[in-house]
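Number of protein chains: 2
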Amino acid sequence: MKKFEFFNPVRVIFGPGEFDRLGALTAMYGRRALLVTSKSPLEKMGVHEKAVELMRSAGLEVFELGGVEPNPKLSSVYEGIRICREKQVEVVIAIGGGSPIDCAKAIAVGAADSGDVWDFFTQKRSAVKALPVGAVSTLAATGAEMSVHCVISNEKTKQKYATHYEFNLPKFAIIDTELHKTVPRRLTACGLVDTITHAGENYFAGEKNTPVTDRIAEGLILTILENDGILNDLQNVEMRDNIAWAATLAINGLTDCGRGIYEYGAHMIEHAISGLFDVVHGEGLAIVHPAWLYYRCEREPRKFVQFAERVFGVPKQYGSEAEVGEKGITELKNRYKAWGLPTSLRQIGIEQVSYEEIADRVVQDPDSFIKDKSIVHRVLELCLK
Amino acid sequence: MKKFEFFNPVRVIFGPGEFDRLGALTAMYGRRALLVTSKSPLEKMGVHEKAVELMRSAGLEVFELGGVEPNPKLSSVYEGIRICREKQVEVVIAIGGGSPIDCAKAIAVGAADSGDVWDFFTQKRSAVKALPVGAVSTLAATGAEMSVHCVISNEKTKQKYATHYEFNLPKFAIIDTELHKTVPRRLTACGLVDTITHAGENYFAGEKNTPVTDRIAEGLILTILENDGILNDLQNVEMRDNIAWAATLAINGLTDCGRGIYEYGAHMIEHAISGLFDVVHGEGLAIVHPAWLYYRCEREPRKFVQFAERVFGVPKQYGSEAEVGEKGITELKNRYKAWGLPTSLRQIGIEQVSYEEIADRVVQDPDSFIKDKSIVHRVLELCLK
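Protein chains in written order, with my numbering: chain A, 633 to 1017; chain B, 633 to 1017.
One thing to keep in mind: the hints can contain errors.
[Stated by the list, open to error] Restraint ranges, calculated between C-beta atoms of paired labels, are given here:
1. A:His796 with B:Arg717: 38 to 46 Å
2. B:Ser1006 with A:Asn868: 51 to 59 Å
3. A:Met677 with B:Glu839: 23 to 31 Å
4. B:His1009 with A:Ser952: 20 to 28 Å
5. A:Asn864 with B:Tyr950: 29 to 37 Å
[Unchecked claim] Calculated lysine-lysine pairs in the DSSO-like style (CA-CA distance at most 30 Å, straight line):
6. A:Lys840 with B:Lys813
7. B:Lys948 with A:Lys635
8. A:Lys761 with B:Lys761
9. A:Lys948 with B:Lys935
10. B:Lys935 with A:Lys813
11. A:Lys719 with A:Lys682
12. A:Lys948 with B:Lys948
13. B:Lys935 with A:Lys634
14. A:Lys761 with B:Lys948
If you are wondering where the hints come from, they were derived from the structure by calculation, not from laboratory data.
In this text, a Cβ means the ideal position worked out from N, Cα and C, and glycines have one as well.
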């Protein structure tokens, strides 16, 4: 293993009914709260209203920023910061999937600073603090509720960039799977892909002798595969629980420990694509992550043999290292197809004519370790495999 | 899964050479530090002296409590508290395995209170705060560096009792495996058993639908089994790294999430035994934990089939659920034998005449869920299996 630090002080509160604790938890961090929400079936079910009620009952003054979009936009972040400054907000609460949570994180950083928050995403400046954030996760997908990551799309420049500040970790994360039951099939499937991609991104990169980290990543991926029955039984709280906890742990730092690298290659390319074309993140990953894995397997197949064996039971006798490794990736891709997701760029209307622009975006992303456009081109070709 | 909270804000700093950061890290929590150490080969190697130097260079005033014994004694805790009060210590640092770390935790709780610290172990009173603790772990075993647990032996009453305060979690844990290389073979083997027992204690109890938690526990146990080559290659830092990270994660809360129970039956019985006879904790567990598992498997074999299959590759066709389950436990016990550890009470000189006294101790422990002495008798019989 390589040297690492692991620090994740998020208080996770997991279980059906735990949403009711939102007021008391929020009150620990301030009296004036901004509630960030997105358009979702929860709105119609009165969940947002109930959140306001819970917080008011705990003595809080509540301000609202609603309707945050998937791939949350910089304009929403600016609007949230404006409210925070005007109303002297002390704590930012998000309810939803990764979009409102990431939006809340960016608002919390921006509101604690006097300049332009986008500077932190372009890495022009580094942030030093943030307002406290609390998250109610209503979707098993991005793991934003327990991660340092925050991804925002600048709709003017079509850049989708990320920050990773430790002080931006939520103070608490409520994971109440009663609230997950309304997530529709397609979005649930996207969440499964997102989780597998998070557990898988660094698995094949950097230091190879990381048995604990490998076993954890494999265990999370196996849990997702073994609970994909959720797609035909959307109200099943047991399976919702299982995929939710896997999603949270997949990107809280545990799956990276000791690898000595922070690569996230598929995410870099997917961010460029969804920055340009506003693709749903999970669908973008269903296309790009297997292609990214084929690309890596072409170069260094050994670790893919372990993955193919342990996750898909591909026997060593299946063929050469490259063949066994590739078989594992194809099994994963077939699973995505079975879930009804696109696995080729063409299926979402992106043609070869856009590849050069995507490659440009990837190498320009200040967060990206890919600095050679030919790598992006090769991965995009493999998206057609 | 059952409802749960997961909160573990320990900053883990993992890697060879990271010991050098002790001074700067300690200085974040105070200017007057108590250094708690045990007798170990590290002392001769000058590690304790270097710790003092590192802390002094960071501007700290350092007081010392050395020579803490295995199964740390209440008298050492009292002595530490006395120093803290007299010298107005602000932060307590431990270097070593579980013994000095647990001793430091108890001192930190006692020094922040004006009464008798033993009250917290007998559950006469509850503690509400503690001085900050920092840990340098020099042994892969108890996981004390990232756990809420603190176990102290009262040498007068022969009680070995535990506390589990969230605010007693270390602020930081340095895991520098360069310092692990001097751990002798027998103690290294004891550490492997301790880790497996931590990952295994709740695995078979409570809620059965906990796939993420199961996979993590199995992954940690597999890592230990696959790295037991350390016993013939004590200086191997790669294997030291692997078993150290497994040991830390086995008892940081992750292996209990969603089980809805906190059982630790083997620990309850082992604590009674080592309270009475001052047995090395890992050796006690090598005897008691398999017996505890046989006891549970007699009653509810199903989960043992999963364990036997996934950890030891016992095929389902091996026999009935009970037979497959028992085979898994026997494989584990055989591994302990191969490591040269005792697996029967007789081997450590404890005869049947003591069973009633052990059973008495178990049911009197305020922390123990076992309130029926016949359970203890049955488990002690199974120690001879």
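These are the hints, each one checked on the structure:
{"no.": "1", "hint": "A:His796 with B:Arg717: 38 to 46 Å", "result": "holds, 43 Å"}
{"no.": "2", "hint": "B:Ser1006 with A:Asn868: 51 to 59 Å", "result": "violated, 40 Å"}
{"no.": "3", "hint": "A:Met677 with B:Glu839: 23 to 31 Å", "result": "holds, 28 Å"}
{"no.": "4", "hint": "B:His1009 with A:Ser952: 20 to 28 Å", "result": "violated, 58 Å"}
{"no.": "5", "hint": "A:Asn864 with B:Tyr950: 29 to 37 Å", "result": "holds, 33 Å"}
{"no.": "6", "hint": "A:Lys840 with B:Lys813", "result": "holds, 22 Å"}
{"no.": "7", "hint": "B:Lys948 with A:Lys635", "result": "violated, 40 Å"}
{"no.": "8", "hint": "A:Lys761 with B:Lys761", "result": "holds, 27 Å"}
{"no.": "9", "hint": "A:Lys948 with B:Lys935", "result": "holds, 29 Å"}
{"no.": "10", "hint": "B:Lys935 with A:Lys813", "result": "holds, 28 Å"}
{"no.": "11", "hint": "A:Lys719 with A:Lys682", "result": "holds, 22 Å"}
{"no.": "12", "hint": "A:Lys948 with B:Lys948", "result": "holds, 22 Å"}
{"no.": "13", "hint": "B:Lys935 with A:Lys634", "result": "violated, 35 Å"}
{"no.": "14", "hint": "A:Lys761 with B:Lys948", "result": "violated, 55 Å"}
Of the numbered hints listed earlier, those contradicted by the structure are 2, 4, 7, 13, 14.
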